[in-house]
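Chemist: Residue strings, one per chain:
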Amino acid sequence: MAQVVNTWLRRIPAWPLYVIGVLPPAWLLWAGFSGRLGFDPVKAMEHQMGEWGLWLLIAGLCVTPLRRYIGINLLRYRRALGLLTFFYIFCHLLIWLILDVQILSLIWEDILRRPYITVGMGAFALMTPLAITSNNLSIRKMGRNWRRLHKLVYGAALLGALHYILLAKGFQLPPFIYMGVIIALLLLRLPKVAKRRSH
Amino acid sequence: MSRFWKGRLTENDVTPEGVYLNRRQIMAGAAGLGIGSIAGGPLLAAPSGLEPVPYEAASSYNNYYEFGTDKEDPARYADALTTDPWSIEINGMVDNPGTYALEDVLKGREIQERIYRLRCVEGWSMVIPWDGFQLSELLNQVGVQSGAGFVAFETLARPEEMRGLRNSVLDWPYREGLRLDEAMHPLTIMATGMYGKDLPNQNGAPIRLVVPWKYGFKSIKSIVRITVQEEMPFTSWKNAWAQAYGFYSNVNPEVSHPRWSQSTERVLDGSRIPSRRETEMFNGYQEEVAGLYTDLDLTTNF
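These protein sequences, in sequence, are chains A and B. Everything in the first sequence is counted per our numbering, starting at 5 for the first residue and increasing by one. Everything in the second sequence is counted per our numbering, starting at 27 for the first residue and increasing by one.
Worth flagging that the hints you see were computed from the coordinates, not collected in a lab. Treat the numbers as computed from the prediction; the structure is a model and nothing was measured. By construction, the Cβ of each residue, glycine as well, lies at the ideal position given by its N, Cα and C atoms. Any given hint could turn out to be false.
[Said to hold, decoys possible] Simulated restraints, written as ranges between beta carbons of each label pair: (1) A:Leu108 <-> B:Ser113: 31 to 37 Å; (2) A:Trp31 <-> B:Tyr319: 45 to 51 Å; (3) A:Pro178 <-> B:Gln312: 51 to 57 Å; (4) B:Thr125 <-> A:Ile187: 27 to 33 Å; (5) B:Glu82 <-> A:Val185: 52 to 58 Å; (6) A:Val185 <-> B:Asp130: 50 to 56 Å.
[Stated by the list, open to error] Pairs of lysine-lysine, BS3-like flavour, derived with a Cα cap of 30 Å: (7) B:Lys133 <-> B:Lys223; (8) A:Lys173 <-> B:Lys133; (9) A:Lys196 <-> A:Lys155; (10) A:Lys145 <-> A:Lys155; (11) B:Lys264 <-> B:Lys133; (12) B:Lys97 <-> A:Lys173.
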């Protein structure tokens with residue numbers, strides 16, 4: 005079964021992911037500015053971009069467990085997933101900066117004083133070097149360090165989910181579901197879990 | 027509702043659509059400036075009077091967690107609510123406690139229009155023309171006894187009709203409270219309509235409180251109980267997160283919320299990209315209400 009899927013996948017190149025991936029943010033901006041996102045389109049855009057970013061982040065984290073436990077190999081799409089995650093979160097950040105808060109002093113105050121913003125910016129900071137080094141040249145030059153560096157994505161994912169938990173008003177379930185899924189996907193990477201499976 | 031109160035306002039009294047459209051164009055221009063102004067400093071709305079937001083906006087963008095936590099949820103689901111018959115239980119330290127049919131609460135009252143800016147604790151505001159009467163009239167009618175210090179309010183909690191009650195976001199039923207002098211203040215009204223029409227369910231039909239110098243969540247919706255009492259009442263948001271939501275919750279640009287500054291607010295006026303305006307102390311009603319708080323430190327009593 006996994007073999008069949010893998011054979012199939014080998015025929016699908018990664019580049020269409022970039023093309024498809026740009027469509028949702030473009031649609032979102034268009035929908036917002038043309039009045040299709042309700043009465044507060046800026047908040048709608050901001051939240052939707054953040055949520056899509058989390059989806060992509062989770063999709064990227066699924067690649068390794070899928071290969072290890074089910075045998076489906078999506079490795080060649082991982083760079084696209086990662087770069088799109090960064091692109092989505094960057095859009096999320098830009099919407100917050102330019103369309104929402106707008107005022108530089110308020111932006112600084114928020115980053116320094118509001119834990120959910122600090123945490124969100126931390127996640128973005130962790131993702132930036134990953135995006136910059138997501139190219140063949142960096143992989144070649146960095147060798148083992150590239151793999152080490154890219155483990156930062158675990159931190160970015162945890163901070164991203166924490167950002168969501170902290171900003172939700174009152175007790176709401178969805179942010180905890182995201183955190184649970186991310187923790188589960190990270191646990192599946194523990195050497196002990198993997199070893200038990202191979203015995 | 028309209029059977030015992032005919033709105034005295036006609037459609038013509040509501041800001042004409044042309045004015046909204048014109049304003050929208052002005053705002054679209056300002057929004058363009060906004061993108062460039064990020065390093066240049068605050069982009070604040072041009073000083074304007076209390077110009078109501080379109081009715082469609084005020085009735086489609088609501089916080090009413092009994093119907094869901096998304097802003098669109100109340101407009102989507104509040105139709106399920108039965109608002110007729112409706113009665114309000116008034117009890118506690120009053121001379122005439124009892125359960126009053128809404129018709130009796132409203133009998134003989136003159137309904138006034140009050141155009142207030144609604145400042146939400148989430149950092150946005152919109153201007154809404156309410157129709158209602160002063161809460162003090164009702165309290166005087168039932169007779170507040172001496173020694174009373176506070177008024178507690180309770181929203182309906184009817185799970186069959188309010189799907190949001192399935193989620194324990196807050197400790198239902200939603201409860202709010204005012205100090206007695208705040209409740210008696212002439213700015214404090216019980217609203218039964220807006221824009222000269224009956225209150226839509228999502229805006230708190232059939233009767234709600236509006237306290238314009240406090241954050242919007244103090245203005246409790248769909249009231250079923252009013253209790254006059256000696257001690258400070260339980261309030262739902264304070265119970266959920268006391269560091270963020272105080273009992274008073276006066277609009278105060280000096281006291282920030284743990285999650286955002288309150289120094290400015292996004293003006294939701296129908297423009298695609300809301301501009302920001304500086305938040306005014308007591309939401310602009312400083313002259314009227316500052317006197318209520320002269321012996322309170324408002325940074326600790328937020």
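Chemist: Each of the hints needs a verdict: does it hold here or not?
Modeler: Hint check results:
no. : hint                              : in the structure
1   : A:Leu108 <-> B:Ser113: 31 to 37 Å : violated, 53 Å
2   : A:Trp31 <-> B:Tyr319: 45 to 51 Å  : holds, 49 Å
3   : A:Pro178 <-> B:Gln312: 51 to 57 Å : violated, 40 Å
4   : B:Thr125 <-> A:Ile187: 27 to 33 Å : violated, 51 Å
5   : B:Glu82 <-> A:Val185: 52 to 58 Å  : violated, 38 Å
6   : A:Val185 <-> B:Asp130: 50 to 56 Å : holds, 54 Å
7   : B:Lys133 <-> B:Lys223             : holds, 18 Å
8   : A:Lys173 <-> B:Lys133             : violated, 39 Å
9   : A:Lys196 <-> A:Lys155             : holds, 18 Å
10  : A:Lys145 <-> A:Lys155             : holds, 17 Å
11  : B:Lys264 <-> B:Lys133             : violated, 34 Å
12  : B:Lys97 <-> A:Lys173              : holds, 13 Å
In summary, the structure is inconsistent with hints 1, 3, 4, 5, 8 and 11 from the numbered list given earlier, while agreeing with the others.
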